[in-house]
Every structure is written in structure tokens, then in C-alpha cells.
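Take a look at the letters that make up each chain.
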Amino acid sequence: MTTTGTRPRRSEAVVVNEITDPGERASQKRRPKQYFALNGVALVIIVAVALTVICILYLVQTARVASLGYKFSALQDDYYTLSLENSKLGYDVAREQSLDTINQIATGQLGMKPMTDFKFVQVQRPPQDNLPALPRETPPHESTWQRITAAITGEASASVPQRAAKPAATPLATPSPNPVTPAVGAATPAAGEVAP
Amino acid sequence: MLDYRIPRRRILSLFGGFILFCLAIGYRIFSFQVVKSEALSEQAVATRFQESDVAPQRGNIYDARGFELATNVPADQVSAIVNQLSDPHQTAQLLAPLIGRTADDIYAAITQPGKEWVVLKRRLPDDSSQKIKDLNLPGIELDPEPRRIYPMGDFASHVLGFVNYDYVGSYGVEGAYDKIVGGTPGKLIGQRDKEGNVIALAKSAWDPPVDGADLTLTIDNSVQWIVEKALDDAIARQKAAGGTIIVQNPKTGEILAMANRPSFNPNNFDTIKDAHLFDNPAIGSAYEPGSTFKTLTMSLGLEAGVVTPNTTHNGGPYTVIPGGEKVYNALDVDFGLETMTEVLEHSSNLGAMWVAQLTGEDRYYRGLVAFGLGNPTGVDLQGESAGILPLPGEANWTSASFYTNAFGQGLAVTPLQLVNAVSVLANGGLLMKPHVVSSYRDKSGETKIEPTVVHRVLSEATCRTITDMLTTVMNVTYVKYTVPGYDIATKSGTAQVPSPNGGYYPDKTIGSLLGYGPSNDPQFAVLVKIDEPQESPWGETAAGPAYQSIFQQLFMLYGIPPTKPVTATATPSP
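So the sequence lines, in the order shown, correspond to chains A and B. Note that my numbering has the first sequence beginning at 17, numbered continuously upward. Note that my numbering has the second sequence beginning at 51, numbered continuously upward.
The shape of chain A in the complex, shown without the other chains (with noise of 0.2 Å):
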């Protein structure tokens, strides 16, 4: 291998170099072209440049975390505003669903009276067939162009479901197996319930 003097230039370099090794012609051509060539100075900024960069980077990330950081406090303050005014709400409500609220309001402000005096009625319920026939309930109409629409667009259209019968208000007791049913009056009201 010949070599010059000085450092040659990327130029020169291709004119000056001759490579008579085989094996380092070979090792030449796997080594990448060189465009330009990094010097001391030129590293040193660049590594000045990549470090200003990764610290601005840094900085930015951390100026960003704290203000998420601030963000997430008042958030978490308005959570627990939120959570102590929903709990006084749900006191309040406690307060005016407690019974005696309730009575104060039926014997004071609506004039309503304790029922005292009741009485139960056995009833004799009379055969199914001699009552009146329950009315039918119509489905809704549907226009032939509503049909269509549905069919293609696959909306189904609600209909007013059958009306099923009323069940009984469960007691919270085991209800007693006594045959006599129904009991006419034996509803079951709220303790505290008043009767005008």
C-alpha cells in the first residue's frame, strides 16, 4: 500500500490508492464508501449538539410530567370535591327517605291520620270464566315502506310487549301457607304508611 505525506483528500484518495494485495482489495471493496470524515471538532459538536438535544428532549418530557403531574392533582381534587358532595347528597336523601321525616310530613303538612282501625275480608274470588275478557293488545301498524326500510337497513321496531300480570309484592317474611286468599285489605304498606 502507498501512502502520501499528508492526509489526503476524498479525491486524491481514489487516485493515490492502489491496492496491489488481493486480500486488501478484497477487505477494501466490503468497507463502506466514505463521504466526508469526521474530525476532533467536528465530532465535538456534534456529540454538544446531540447532547444539547437530549437534554432539551429531557427537559421538555419533564416540564410535560410536571404539568400532567399538576393536571392529575386538580383532577384527583375534583374527584374528591365530587366524592364528598355526592356523599353529603346521599346523606340527605337518607334523611328524607327516613321514616320519621316521612311521618312528619303525612300528619303535618298533609293532614293524613296513622290507620288504626282495618279489617280483613276473606274474599270468595269468583270463577275464571265469568270475568270480563281482557282487552287485546293491537300490534303497531306498519307501513309496506316501513317494512322495507327495516328489511334493509335490519332495524327491528320495538312493539309494546304483552302486558304480563302483576306480581304480588313479596313480603320479606315466609309468607304463611294459610289457605285463605286473597285478603282483601291485607295489603302491605310501608310502616309508617297513613290513611286519609
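Certain hints may be false.
Here are the simulated lysine to aspartate or glutamate pairs, DMTMM-like style, with alpha carbons at most 25 Å apart [what the hints assert, rightly or not]:
1) A:Lys104 to B:Asp261
2) A:Lys104 to B:Asp264
3) A:Lys87 to B:Asp193
4) A:Lys87 to B:Glu101
5) A:Lys104 to B:Asp176
6) B:Lys530 to A:Asp133
7) A:Lys87 to B:Asp257
8) B:Lys483 to B:Asp430
9) A:Lys129 to B:Asp283
10) B:Lys376 to B:Asp282
11) B:Lys244 to A:Glu101
12) B:Lys493 to A:Asp116
13) B:Lys181 to A:Glu101
14) A:Lys104 to B:Asp228
15) B:Lys493 to A:Asp93
16) A:Lys104 to B:Asp184
17) B:Lys289 to A:Glu112
18) B:Lys237 to A:Asp93
19) B:Lys483 to B:Glu496
20) A:Lys104 to B:Asp204
21) A:Lys104 to B:Glu195
22) A:Lys129 to B:Asp204
23) A:Lys104 to B:Asp193
24) B:Lys493 to B:Glu88
25) B:Lys253 to A:Asp93
Simulated from the structure, these hints should not be mistaken for lab results. Quick caveat, the model's predicted, so the values are computed rather than measured.
Guided by the hints, dock chain B onto chain A, whose structure is given.
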């Protein structure tokens, strides 16, 4: 141009100084980084990272219908940062009317030597809190803290208990279920700013708290309301010292209502001077039950097969018991020949003694223990008493005790023990464990507390027989307090009150009615106990109106059809 050269000596001096400076700096760096490294790191970490307990949210308490009985609301705590107070005297004057302390008291608190921070008042009412905020006093801070609150005031207070200043449950279910409803505190180790606030998103270690479970009680607030109202009316009518009412579902052991008077408002527990007021008399105060106890005596006689409802006995005017003492019936009445049902109707002491004698000491006391007497029932409330049941061979038992025990003297039971024992008769002979919590719900789901059968005490046949006898007693003796259309098995009791000086008070009684209904399928066992009634000393008169009112409203509330209804024919409307 001047040819000035810096003297070499000066350069060397400067250089020497620089070297010394560098050595000093180097020494400090070495000292900080190597010699004191560990201690300083720990100090820095301790300053930046602080560990604090994070309180869990205490669970709510609901009744059987889902009404809220206990919850948490925020309340402010007012405190003073002593070195920031501009005028302690004026501050004390302004705060005094708002926090319920005297100005002198506040001034003394905020001028204590060596104190930097003083808590002046906790759990301020909302309006006071707002007024203090408006004053904007320097050095006075308001910090929110949770406050346990009971929306219905003194409603079921003995069942609920309360939460003290340390947010620990005391008495009632608050005490008994404190670990479940109170939750587990968490820990937060986080970086903090100079004010001590945690820096969000900074490095931290977080062991979250486990919030307390919500409790659902077996207490039905409608039944509790009926019972409390009936008790208040009875006490007012009788000018009584107090009273207790318990309603139990005999088939499950669930307590549907438990009321005592006097009671307290758990919202203001700190204003109660007498701590005994927090004790629940229904489970903690044992008393001599008197004639209500004859139901147990008679049922043990029936179970032993020594008597039937129609067995007759002539007790005469009195019986002499071991020790030579004569025992009479109430008012010294001689009932002559009477059946066992009539023994209960007349509430004959001599008849009850005779039944106990026939049953025999061993079988009798084994039976009483089987009823759960002499031991706590195991109810899930704090402060339960075992009562007093002297057993043969024990120091406080005499052979005379056997006879007096038969009619409810010489022993003591709690109201809950008595109701739970009579529930055995209503439940086909099975003793249930009473409970007031039906379930609790935490993050892992709902845990139900199932009814627990303790053991069988009586046969079903005995229970049917005694129920028939007690129903007859109600329809014959206490007919004034029956509920039209329904049969109720009932026994009254007029117990004397033992004096600490021995014997009994001549003018004090405890009147009670104990029973269950409807007789054909008992849904409720009820005890109404009125302490020291003034208008009438007798159990049926003192407790009768409340007892009748409670059963009447219970049947209506739960929609239980009558066994003897008026017949009518319905005509459907077209």
C-alpha cells in the same frame, strides 16, 4: 510596551491556593460521597420519600329494605399553626363562638410553649366551617376528615353503635364488624414537595387501602320504626323508667327490630356523659324474667312427658320449699284444682313449681341450658351478657333455687336470650343463632350470613302443644290485647326487681309480654318489656297495648292473612 512579567512566586502562590481549594473541595466530595454517603443518602430519602397511612373508606350500613342507616360525610377539622398566628388573642376571641370552646381555652391552647401545631376542634358543622373560612384568619387551617353519620339519628342506635374519634367502631355492629366494615389502611411512600404534598407521577410505592364492606342488616326499618314508636308510647303511658322490645324471625333467628329506652344519638356520642347509655340492654342487661319463664318450665314438663295440657294439680294456698320458706301465688290467690293450661292462664307459681318438680332437677336444668340460658346467644353485637343461671352444685345455687327458678326468679336472662328461647317453641323445637347482619358486600362480592341451627331443644309435638296452650292463654286471659282475626301465643310476666340489699323492691316491677304469632305458622317472636311502670305494675297492662299494636302492624306490613277473617264475596268490576 511594558515588559511586565508576573512574578513566579505569585503564580506559585495562586497555584498553591488553587490546589488547596481543590483539595478542600475534594475532601468534602470524598466526605459526602464516601465517608458519610450512607447516612446522607438515608437522610435525603427520608426527606423526599415519606411514608403515610392512607385511610380506607368505611362501608355503609343498610337495613333489610336497603335504607341507609350509616354513612360517611366530610367534616372539617380546625387547627392552628402557632408561628403563623398574627394575633392569638383576637384569633381566640373570633373562633370561640364558632367551635364551642371558650376564648380563654383556645388562647391557652394556641400559646402553649413548644407547640407548633394545635388541633382546636374536629368534625365541625358545615355552617361553622364556612364561617371560619370567611374569617380568613392567618395560621388557622381547615382540613377535611371523614365523619360517620347516622341519617336517622337515634334510630336503632344500640344496634348500630357508633364510630369514635379514631374512626374505630364501638358498640353494636360498628364494633362487632369493625374489621369488615372498617377496611384495611393502605400505605403510600412517595416523593413530596416542601409542603409535604405528594408529587404526582413521581416515583412512589403504593399499597392501596382496602375499603370496608357495606353491611346489610336484618333490621327492617319499618318494623324498627313501629317498635320504637310503640315503646315510646308505652313508656309515656306508664311513666316508666325505660324498656326494651325485640322482634325476631323465629325460623331464621334474624332480629327484625331491637329497641331500647333510654337510648342515644350516635351522631352526638361525644356529648353523652354516662357511658352506660351505650350498653345495649337487650343483650347486656340480665333481669329476672318472672312469669314469662313459665312457658319454658311448662314446655320442659311437656317434653319430659310428666304433664299434658289437661293434667290437673291443686296447689293450695302456698307451698313450703326447702329452707322452710313459703311460696304463694301472686296476690296470695288459691286457684284450687287447675289444668296445666289453667296454670299458664292463672300464671300460677305453685303450678309451675309442681311441673318443675315432676320434670326433675337434672332434666329441668339440662333443658334450660339447651334453651341457651346461662350462655351468650352468640349474636353479632358487641357487649353481650351470658345472664345468670345457677346450676345444681354451683356456689350460688340452693335447693330452693330449683323451685323459684320454675316461675322465673333466682335467675337472670337477657331479653334476647328470652326471645331466642321462646323462638324455639315457635320454630318446631330448633334453637337458632340470632343475628342482625344478613350480608356484607365488598370488592370480592357479597357474603351472606345464613341462618344457623344450634340444636334441637324440643320435639315438634311439644311445640304444637305449648303453642295451643299459650294461644288459649292469650284468648282467655289477655283477650283485651288480641289482634282480631289472628291467634297469638302469649305469656305475661310481672317480675320483681331485686334490691342490692337483698330481697326485692316493694314498688318496682318489670312488666312484660312474650309470645309469637300467628300461632298456626309463627312469623314473629316478640318481647315487650317495660321497666318500672308507674301506672300499672302488671305485665299485661304495662306491655299489652304496645304488644297488640306491634303484632297488628306486623301482620299488615308483611301481608300475613288472618286465620279468622270476615267472609265476603267479591264482585269483579266489568
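Unsatisfied constraints (hint numbers, rising): Checked against the structure, the hints that fail are numbers 10, 11, 12, 17, 24, while the rest are satisfied.
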